[in-house]
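*Asks:* These are the residues of each chain, in order.
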Amino acid sequence: DQQVKQNSPSLSVQEGRISILNCDYTNSMFDYFLWYKKYPAEGPTFLISISSIKDKNEDGRFTVFLNKSAKHLSLHIVPSQPGDSAVYFCAASGNTGNQFYFGTGTSLTVIP
Amino acid sequence: DTGVSQDPRHKITKRGQNVTFRCDPISEHNRLYWYRQTLGQGPEFLTYFQNEAQLEKSRLLSDRFSAERPKGSFSTLEIQRTEQGDSAMYLCASSLTGGYNEQYFGPGTRLTVT
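The listed protein sequences derive, respectively, from chains D and P. Going by our numbering, the first residue of the first sequence is number 1, and it counts up by one from there. Going by our numbering, the first residue of the second sequence is number 1001, and it counts up by one from there.
Here are the in silico distance ranges between beta carbons for each label pair:
(1) D:I18 / P:N1051: 40 to 48 Å
(2) P:E1078 / D:Q14: 44 to 52 Å
(3) D:K68 / P:G1040: 22 to 30 Å
(4) D:N7 / P:N1051: 33 to 41 Å
(5) D:S107 / P:E1056: 24 to 32 Å
(6) P:F1074 / D:T45: 18 to 26 Å
(7) D:I20 / P:S1066: 36 to 44 Å
(8) D:Q81 / P:N1018: 38 to 46 Å
(9) D:G83 / P:G1098: 25 to 33 Å
(10) P:R1015 / D:K56: 44 to 52 Å
(11) D:I20 / P:Q1017: 43 to 51 Å
(12) D:S69 / P:R1059: 26 to 34 Å
None of these hints come from the bench; they were simulated from the model. Glycine included, each C-beta is placed from N, C-alpha and C at the ideal position.
Modelling step: build the complete structure from the supplied sequences, incorporating the hints.
*Replies:* Here's what the structure looks like:
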């Protein structure tokens, strides 16, 4: 049973525009959420995180929004750059951090 | 900080053979995790260690799989009697102890069972 879902397998965005990647979760016990970026033949790289006490966290061009009532989070990348082209994974965990549950990923292509 | 390293990066083996992978975590991290990733999927949790103690194992970790972290530093993951279904990317990650700490991943070991 997939507890973290990314329903868009792929997304294409023009350079300079906003990229919005979405993620839904089912387990109400999750209270820590992360986004990872993955290039081919490399391991996932941590990008940004948010705990359930917040609804927004910003780091440079990257902002994560959390809507607990809808069990939904999103990653905004503004402005998008060609180097952002990668697969993005959403992950979630409970407050023990024992394991992360990952979505299936969204492949982002930023077109120059 | 040299990051998480894994060895080998690629392994091709014949069905029925045993394989062993190694992971070296970030030195100050006392938690170490193993994940498996297949094509089109996100990483799936296998097991994790707090120092040398293996504290949790997924039901994905069949009895052919064994993981160790003997001195609380590097870890090994062994798969005995490999099957074609074991073909996947095996990822290692490490983190500090506690709930709200991100996990840092190594580059992975790509296993192909022929």
